[in-house]
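**Q** Mind docking chain G on chain D? Use the hints.
Residue numbers (the working numbering), protein chains in the order written: chain D, 1 to 95; chain G, 1 to 489.
Derived from the structure by calculation, the hints contain no laboratory data. Since the structure is predicted, the reported quantities are computational estimates derived from the model, not experimental observations. Heads up, some of the hints might be wrong.
[Said to hold, decoys possible] Here are some chain G residues pointing at chain D (derived, C-beta under 10 Å):
hint: 1; residue: T247
hint: 2; residue: T251
hint: 3; residue: S254
hint: 4; residue: L256
hint: 5; residue: C330
hint: 6; residue: D384
hint: 7; residue: L420
[Said to hold, decoys possible] A few chain G residues that don't get close to chain D, going by computed Cβ distances all over 10 Å:
hint: 8; residue: M1
hint: 9; residue: A7
hint: 10; residue: Q59
hint: 11; residue: P252
hint: 12; residue: S282
hint: 13; residue: I291
hint: 14; residue: A305
hint: 15; residue: D322
hint: 16; residue: T354
hint: 17; residue: V358
hint: 18; residue: Q376
hint: 19; residue: A389
hint: 20; residue: F412
hint: 21; residue: L433
We put the beta carbon where it would ideally sit given N, CA and C, even for glycine.
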Amino acid sequence: MSITNESVQHVAELAMLSLDQPAIDKATEKLNQVLNLIDNLQAVDTDDVEPLAHPLDAIQILRADEVTKQNNRDALLSNAPESQDGQFVVPRVVE
Amino acid sequence: MHTQSVAQLSQLLSQGTVSSTELTEHFLKRIESLDSDINSFITVNRDGALKQAQMADKQRADGLAGPLTGVPIAHKDIFCTQGIKTTCASRMLENFIPPYESTVTANIAAAGMVNLGKTNMDEFAMGSSNETSFFGASRNPWNTNHIPGGSSGGSAAAVAAALAPIATGTDTGGSIRQPAAHTGLTGIKPTYGSVSRWGMIAFASSLDQAGPMATSAEDAALLLNTMVSHDNRDSTSVAHPNSDFLTKLNTPISGLRIGVPASFFSADLDSEVGDAIQLAISQLQQQGAVIVPISLEMNQHALSAYYVIAPSEASANLSRFDGVRFGHRCEDPKDLKDLYSRSRSEGFGAEVQTRILVGTYALSAGYYDAYYRKAQKLRRLIKDDFEQAFKQVDVILAPTTPSTACKLGEKFGDPAKMYLEDIYTLAVNLAGLPAMSLPCGMAKGLPIGMQLIGPAFGEANILHLGHQFQQHSDWHKQRAPIALQEVSA
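Pulled out of the complex, with its shape left as it was, chain D reads as follows (with noise of 0.2 Å):
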């Protein structure tokens, strides 16, 4: 399978990746590398075969619904970009 200048754009609008002409040139060129890399996939049988999601076949471990952290706001949005009364800023969504 190879993959087009197209579909390399679309991807990326969906993986949320901002890219330019050139770097899509070059990011379709890559991808398509990778695809022939991966291609013998395709050969191998299985239709009778369970897909496995875990290495250990383990199945999801849930805990007890019940608050478990303290609220450390403070610390968390330290890190933020830009942040005012405790929120994180972004650009306005709603006009």
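**A** Positioned in the frame of chain D, the structure of chain G alone reads:
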């Protein structure tokens, strides 16, 4: 002092020959004088380390010391350390100071070890050469024109240059074993789930696992004892049945069945590497091990399955870096979408962006079944293959890498060449098994590594075999020239 093993340093500390403060000052001095040639540290924790060392000396004076109390260590810059910059070698996290401590580093600190600083790595652990770091490549202490391997290349280089006696690393597709092989170290990737991933910045969550990088199997076992723990905060953490990896080290290996997969010795393998592995096999045979030829045919599909699954998980994990709550933010965003996409494009390096694109593509509508689901099916076949093999053998022995460390720039930017670096290590992560690399030879002045793979929770077996090999060989005692260099006080 800097060429002693952790086991030896522990003894010197308990005898009172040296204090933790003296030891820590010694290593800090070496980092200051020698790291400009190696670039193995991103952040040196000078003041914090000296404080921890003083505390360790007090603990020892109070009779509260464990085997690792006061021994310095370096941490891969992927572990969140409270109050100490944690960058994951990315511009995205260039100024990130975590408000919390990872379980791994917390366990190690609780054992009284001294954190010398945070080591260089491939950005977000994506790479096999340590060249994708935003802070520049680390260099191989055996020959600074060569890579130390990746992604735990900074940890490997720091230990190989004797800037730290031991270090932590993480392994998603070979990132502990491959740099260990390239720098002459002993590095172990434990069974998936046995070391908590809490506070370790995620690359591919179903594959990532932290482990020790040391100069011997004994030292690796000492540190692994501290790293392994069940953690309620990591829902994939499991209780490990073996709690002390040192107990089995000194038993003989006679009768131990070692499986050797023929397909790992194909034309892709450098002949000098192959010869060194064969010599190691003969040595183990002389020590009484039984060599059993085995087949691991599905390994040929590990690369494909890995380079679908790892980028897919990475694309999901890295979606949290959006420039809103932490990390890099672009200047003057015109709207929210612009903020997200420009912050991410500026913050992530080229390799990380390529992998995000591959992952997003593999998970996107129309390609999910052909790539992601197919890769997960292959993953089961690869795991089944190992399970069959472990019905016949106790441990599997293979090369760690197809060749010794390449030159800086030689494969950089060419995924077709670079991704093949990990062809012998990837399957282990897909199957969640423990595996170790240890030195078994040299070629043109660069170390060669061999890999020991165990069944799930078989860490004690591979550490045992590795230790017994090291009792009858001295490859692990050889040191890079810079490690022998003295630094004036």
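**Q** None of the hints should be skipped; say for each whether it holds.
**A** These are the hints, each one checked on the structure:
| no. | hint | verdict |
| --- | --- | --- |
| 1 | T247 | 24 Å, violated |
| 2 | T251 | 27 Å, violated |
| 3 | S254 | 31 Å, violated |
| 4 | L256 | 24 Å, violated |
| 5 | C330 | 9 Å, holds |
| 6 | D384 | 9 Å, holds |
| 7 | L420 | 8 Å, holds |
| 8 | M1 | 38 Å, holds |
| 9 | A7 | 31 Å, holds |
| 10 | Q59 | 28 Å, holds |
| 11 | P252 | 31 Å, holds |
| 12 | S282 | 33 Å, holds |
| 13 | I291 | 27 Å, holds |
| 14 | A305 | 7 Å, violated |
| 15 | D322 | 7 Å, violated |
| 16 | T354 | 5 Å, violated |
| 17 | V358 | 5 Å, violated |
| 18 | Q376 | 3 Å, violated |
| 19 | A389 | 16 Å, holds |
| 20 | F412 | 13 Å, holds |
| 21 | L433 | 8 Å, violated |
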